[in-house]
Amino acid sequence: MCGRFSLTVEGNAIAEYFRIRDLSVQYQPDHNIAPGQMIPVITGTYDKRRLSLMRWGLIPSWLKKPSAGYKMFNARAETIDQKPSFRNAFYKRRCLIPAESFYEWKQRGENPLRIYLPNHKIFSFAGIWELWKPKDGEVVLSCSIITTEPNNFMKNIHNRMPVILDDEGRMRAWQEGTRRSDLKDLLIPYHGEMAAEPFSLEQR
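First residue of the sequence shown: 55, per the numbering used here; consecutive thereafter.
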């Protein structure tokens, strides 16, 4: 599971790393991002990437009330192409979710571990997004972070981990791919170097 993460860099750093030309959306950097918050999400193809703010917790387009969807902040890689809540977004609305680190708790009552990539200030989670249209009111954009089995580093911390895309080739393949098998092949445990340190979420 991935239930908390951080993104404290400014928008221009995101624009440079992900090659976003239009950065008209403003967001609030945060060291403790939780489900239900509005978070920066990157959609579009390589040469037309754009940054949007979306609610973290996917709301399938067919839901009558959006409140039920806010719990869907993670989607399992193994079943994402089968579950009705995620299947359509997997094929049609894939995204990148910028991050600097994420948090996991080994035991209740303890401070979490901050998990990060030593060689990458910024990276992205593989994500999916949806557009929910009410009969009356504003359209809601929402997203979910995809999780997979843990790698060797994460096995001692948690039984799941987010799918991490840390290079342009994999990010582009996730956004622009069309074949189910190619997309599923990207949803694997991270192979690069990772590090963890105790962290108090009261820290700034």
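Since the hints were made in silico from the structure, they are not lab data.
All values reported here derive from a predicted model rather than from experimental measurement.
One or more hints might be untrue.
Claimed, not checked - Keeping only pairs whose Cα atoms sit at most 25 Å apart, straight-line, the calculated SDA-like set for lysine to any residue is:
1) Lys187 - Glu222
2) Lys187 - Arg104
3) Lys175 - Arg141
4) Lys119 - Asp101
5) Lys102 - Glu256
6) Lys146 - Gly90
7) Lys175 - His85
8) Lys146 - Asn210
9) Lys102 - Asn210
10) Lys125 - Tyr145
11) Lys118 - Lys137
12) Lys137 - Gln91
13) Lys160 - Lys238
14) Lys118 - His85
15) Lys160 - Ile68
16) Lys137 - Tyr124
17) Lys238 - Phe253
18) Lys102 - Ile68
19) Lys102 - Gln80
20) Lys175 - Lys146
21) Lys118 - Pro188
22) Lys175 - Tyr145
23) Lys175 - Pro89
24) Lys137 - Asn210
25) Lys187 - Leu61
26) Lys119 - Lys238
27) Lys146 - Glu256
28) Lys102 - Arg58
29) Lys175 - Met92
30) Lys125 - Glu154
31) Lys146 - His85
32) Lys160 - Glu256
33) Lys238 - Gln80
34) Lys125 - Glu222
35) Lys137 - Gly231
36) Lys160 - Ser60
To be verified - Cβ-Cβ distance ranges computed for the label pairs, FRET-style:
37) Gln82 - Gly246: 27 to 37 Å
38) Gln82 - Ser235: 19 to 29 Å
39) Ser235 - Lys189: 17 to 27 Å
The C-beta atom is built at its ideal place from N, Cα and C for all residues, glycine as well.
Hint-by-hint comparison with the structure:
Restraint check for lysine 187 and glutamate 222: not satisfied, since their Cα atoms lie roughly 32 Å apart, outside the 25 Å limit. Restraint check for lysine 187 and arginine 104: satisfied, since their Cα atoms lie roughly 21 Å apart, inside the 25 Å limit. For a cut-off of 25 Å, the pair hint linking lysine 175 to arginine 141 is broken: about 31 Å separates their Cα positions. Simply put, lysine 119 and aspartate 101 have alpha-carbon atoms about 35 Å apart, too far for the 25 Å limit, and the pair is violated.
In summary, the hint linking lysine 102 to glutamate 256 is not supported, as the alpha carbons are separated by about 37 Å, beyond the 25 Å threshold. Of the supplied pair hints, the one linking lysine 146 and glycine 90 holds, its CA atoms being roughly 23 Å apart against a limit of 25 Å. With a C-alpha separation of about 14 Å, the suggested pair lysine 175 and histidine 85 falls inside the 25 Å cut-off, and the hint holds. For the proposed pair lysine 146 and asparagine 210, the alpha carbon gap of about 35 Å is over 25 Å, so the pair is violated.
For the suggested pair lysine 102 and asparagine 210, the alpha carbons sit about 39 Å apart, so the restraint of at most 25 Å is broken. For the hint linking lysine 125 to tyrosine 145, the alpha-carbon distance of about 21 Å falls within 25 Å, and the restraint holds. Proximity of lysine 118 to lysine 137 is assessed by CA-CA distance (about 18 Å); at most 25 Å being required, the pair is judged to hold. Distance hint between lysine 137 and glutamine 91 is fulfilled; the C-alpha atoms sit about 24 Å from each other, no more than 25 Å.
With a C-alpha separation of about 28 Å, the suggested pairing of lysine 160 with lysine 238 is violated against the 25 Å cut-off. Of the supplied pair hints, the one linking lysine 118 and histidine 85 is violated, its CA atoms being roughly 33 Å apart against a limit of 25 Å. Taking the CA atoms of lysine 160 and isoleucine 68, the gap is about 30 Å. The hint is violated against a cut of 25 Å. For the given pair, lysine 137 sits about 16 Å from tyrosine 124 by alpha-carbon distance, which is consistent with the 25 Å threshold.
Pair hint lysine 238 plus phenylalanine 253 does not hold up; C-alpha atoms about 33 Å apart against a cutoff of 25 Å. Proximity of lysine 102 to isoleucine 68 is assessed by CA-CA distance (about 15 Å); at most 25 Å being required, the pair is judged to hold. Restraint check for lysine 102 and glutamine 80: the C-alpha separation of about 18 Å stays at or below 25 Å, so the hint holds. For the suggested pair lysine 175 and lysine 146, the alpha carbons sit about 29 Å apart, so the restraint of at most 25 Å is broken.
Only pairs whose Cα atoms come within 25 Å are accepted, and lysine 118 paired with proline 188 is accepted, the gap being roughly 8 Å. A hinted pair counts as satisfied when its Cα atoms are at most 25 Å apart, and lysine 175 with tyrosine 145 does not qualify at roughly 29 Å. The straight-line distance between the Cα atoms of lysine 175 and proline 89 is roughly 22 Å, inside the 25 Å bound, and the hint therefore holds. In summary, the hint linking lysine 137 to asparagine 210 is not supported, as the alpha carbons are separated by about 28 Å, beyond the 25 Å threshold.
For the suggested pair lysine 187 and leucine 61, the alpha carbons sit about 28 Å apart, so the restraint of at most 25 Å is broken. The suggested pairing of lysine 119 with lysine 238 is violated, with an alpha-carbon distance near 30 Å, which exceeds 25 Å. This hinted pair does not check out: lysine 146 and glutamate 256 have alpha carbons roughly 38 Å apart, beyond 25 Å. Proximity of lysine 102 to arginine 58 is assessed by CA-CA distance (about 28 Å); at most 25 Å being required, the pair is judged violated.
The hinted pair formed by lysine 175 and methionine 92 meets the criterion: a straight-line CA distance of about 21 Å does not exceed 25 Å. With a CA separation close to 23 Å, the supplied pair lysine 125 and glutamate 154 stays within the 25 Å bound. Of the supplied pair hints, the one linking lysine 146 and histidine 85 is violated, its CA atoms being roughly 30 Å apart against a limit of 25 Å. The hinted pair formed by lysine 160 and glutamate 256 meets the criterion: a straight-line CA distance of about 18 Å does not exceed 25 Å.
The hinted pair formed by lysine 238 and glutamine 80 fails the criterion: a straight-line CA distance of about 32 Å is larger than 25 Å. Taking the CA atoms of lysine 125 and glutamate 222, the gap is near 30 Å; set against the 25 Å cutoff, the hint is violated. A C-alpha spacing of about 20 Å is found between lysine 137 and glycine 231, which places the hinted pair at or below 25 Å, so the restraint holds. For the hint pairing lysine 160 with serine 60, the CA-to-CA distance comes to about 18 Å; that is within 25 Å, so the pair holds.
Remark: the range hint 27 to 37 Å for glutamine 82 to glycine 246 is upheld by a beta-carbon distance near 29 Å. Checking the proposed 19 to 29 Å range against glutamine 82 and serine 235 shows it is violated: the Cβ atoms sit about 39 Å from each other. Between serine 235 and lysine 189 the C-beta distance comes to about 38 Å, which lies outside the given range of 17 to 27 Å.
Against the hints set out earlier in the document, violations occur for numbers 1, 3, 4, 5, 8, 9, 13, 14, 15, 17, 20, 22, 24, 25, 26, 27, 28, 31, 33, 34, 38, 39.
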